[in-house]
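The residues making up each chain are set out below.
Number of protein chains: 2
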Amino acid sequence: MPFDVTILGSSSATPTLTRRHSSQVLRFGDEKFLIDCGEGTQNRCMEYGINFQKISHIFISHLHGDHFLGLFGMINTMNLLSRKKPLTIYTTQGLKNLLDLHYSTCNLVLHFDVEVIEIIPDFQIVYESATIKVTAMPLEHRIPCIGWLFEEKRGERKLNYEQCKKLGIPFKAFASIKNGADFKTDNGTLFPNEELTFEPRETLRYAYITDTLVQPQLKKQISGVNLLYHEATFLHNLESRAHETFHSTGKEAAIFAAQAKVGRLIVGHFSSRYKDLEAHIEECRSQFPNSDVAIEGSVFPIK
Amino acid sequence: MPFDVTILGSSSATPTLTRRHSSQVLRFGDEKFLIDCGEGTQNRCMEYGINFQKISHIFISHLHGDHFLGLFGMINTMNLLSRKKPLTIYTTQGLKNLLDLHYSTCNLVLHFDVEVIEIIPDFQIVYESATIKVTAMPLEHRIPCIGWLFEEKRGERKLNYEQCKKLGIPFKAFASIKNGADFKTDNGTLFPNEELTFEPRETLRYAYITDTLVQPQLKKQISGVNLLYHEATFLHNLESRAHETFHSTGKEAAIFAAQAKVGRLIVGHFSSRYKDLEAHIEECRSQFPNSDVAIEGSVFPIK
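Here the protein sequences come in this chain order: A and B. Heads up: the first sequence begins at 2 in this note's numbering, then just goes up one per residue. Heads up: the second sequence begins at 2 in this note's numbering, then just goes up one per residue.
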């Protein structure tokens, strides 16, 4: 089952010729989630061959323009292209009023449902399906801001068919064993579930953290995630500028990734002052070797 | 003195891989005007090497998203890049509330003045400097919509120095003659101003008309403009679709251009159904030979 993230935008507030405002598409099986939606996200989707009509849920970190200004145009285009599928948007307080005023100003009548869920993040699960859950984590920026943790849900244990056969367990008991039950023979012998099944594989997890001062207290929450996207607006020689503006440096992001024992780190949300990203790669890898930069168009598997 | 228009976006509401939402930059001497500002206009400016900090006035035809959604991001970037120069935006009613709600939602404090002037178009002059004037013309769309007429102002008559010398007119009278005065000799002979001066050169004019049903009654107003940009969302075989949605066809735009005796026609605001624009060129030129299509990045001189 595919589980990967495509980078659509990696720039901080001032875009550049090659870098657009924050946006990513997270693909999980047949589901597509959009994470942040900077200006021009619909164009980036077209460039990268991503059908944005398939996006079911959008997670917006915060209401600074570089993270949500692409929403209005994308919703408008979805509507023009006869979308019927509902869309749910999770973000902080204020978006609903803004969308409503847009609709009324433009005299826009939507032919599909757009639900906006405004959240005060407190580690609550905001979305949950049979296979994935999404948790909202509080960040520390100039305005309320949310980090998103995407976690595959633990699958069922798999039946150890050979073992069951060897022990003579009847076929009709298989369904309850797969659901976690132990098995007791007619003569009272108990076979605990663990002896009859295999562990489900490890679940996969992805964390998206921008814009924020680095948050060491989140280490526990994101410990061991397979992939962490963390902002690194500045290099560490501009540490004080980063802190003044409630942003992080490459070094800070990488130390955090190492301490949280994540599988791989991608940094993004780069200031327009950086023409290339070699120094970011170097700074991050010196702290955490499995670091990369969020080049637009790149696809990072979560594995 | 340069007087030209650069096409930044030529798509109707659904953008395509190659065509963006409506926007143009009009250069008049040292002044830069932006006409419409679809999503991604700031990126297009960067691509085409246009410094949008030099834009002093923005003219928005109407408040459908494909004509103004780039404003928020552009104002935000102008602010981040320390703009001090004031900006004036002319449009229909509703933008001011929307901008104000954006600023407060994003907690955005602007360091330069943005004045929004909301207009009910009635052929009034909305902007005037020593050298140019801009008139708001009512169009007929699904919501209030404005056509913009940019007219160079008539220059001063030039002194016919040889003629004045021949007639023995004293040097001290030259200034008043240049300002339009006649000259009377001491013995009462009157030399009318036209005999002492040359006509100023013809003034140059540009008209921008989108989104609308074709408006034959505007012929008089735009008669003889050097360059007309007119929407041609559809080809004429979709005439009824065009009229249902309050748009024009290529044929209609070209007949209008011919009747108004304009110098040159550019059509734009193309539906995403048209992969290339050959049929638009053919349809327009069959009615008005000096027709072209608004290819993004093209610069059209007004001459």
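Watch out, some of these pointers could steer you wrong.
Which copy is meant is left open, because identical chains are indistinguishable; a pair holds if it fits in one copy or across any two.
Below, in silico cross-link-like pairs of lysine-lysine (DSS-like), each with a Cα-Cα straight-line distance of 30 angstroms or less [unchecked claim]: (1) 33 x 85; (2) 276 x 85; (3) 221 x 154; (4) 276 x 173; (5) 159 x 173; (6) 173 x 55; (7) 167 x 220; (8) 185 x 221.
I should point out that these hints are in silico values taken from the structure, not numbers from a laboratory.
### Message
One pair to classify: residue 276 and residue 173, alpha carbons no more than 30 angstroms apart. Within, between, both, or neither?
### Response
neither (65 angstroms within a copy, 60 angstroms between copies)
### Intra- versus inter-subunit Cα pairing at 30 angstroms for residue 33 with residue 85
within (16 angstroms within a copy, 42 angstroms between copies)
### Query
Should residue 167 paired with residue 220 be assigned to within, between, both, or neither, using CA atoms and 30 angstroms as the limit?
Cα proximity of residue 167 and residue 220: none, with 45 angstroms in one copy and 92 angstroms across.
### Query
Can you tell me if residue 159 and residue 173 fall within 30 angstroms by alpha carbon in one copy, between copies, both or neither?
This pair counts as within: shortest intra-copy Cα distance 16 angstroms, inter-copy 106 angstroms.
### 30 angstroms Cα threshold - placement of residue 154 relative to residue 221
Answer is within: at 18 angstroms inside a copy they meet the 30 angstroms cutoff, but 69 angstroms across does not.
### Message
Within a copy, between copies, both or neither: which one fits residue 185 and residue 221 at a CA-CA cutoff of 30 angstroms?
### Response
neither (39 angstroms within a copy, 95 angstroms between copies)
### Query
Is it within, between, both, or neither for residue 276 and residue 85, if the alpha carbons may be no more than 30 angstroms apart?
between (42 angstroms within a copy, 25 angstroms between copies)
### Task
Could you place residue 173 and residue 55 in one of the four classes (within, between, both, neither) given a Cα distance threshold of 30 angstroms?
Neither. Shortest intra-copy (40 angstroms) and inter-copy (78 angstroms) distances fail the 30 angstroms Cα cut-off.
Going down the numbered hints, you'll see the structure goes against 4, 6, 7 and 8, while the others check out.
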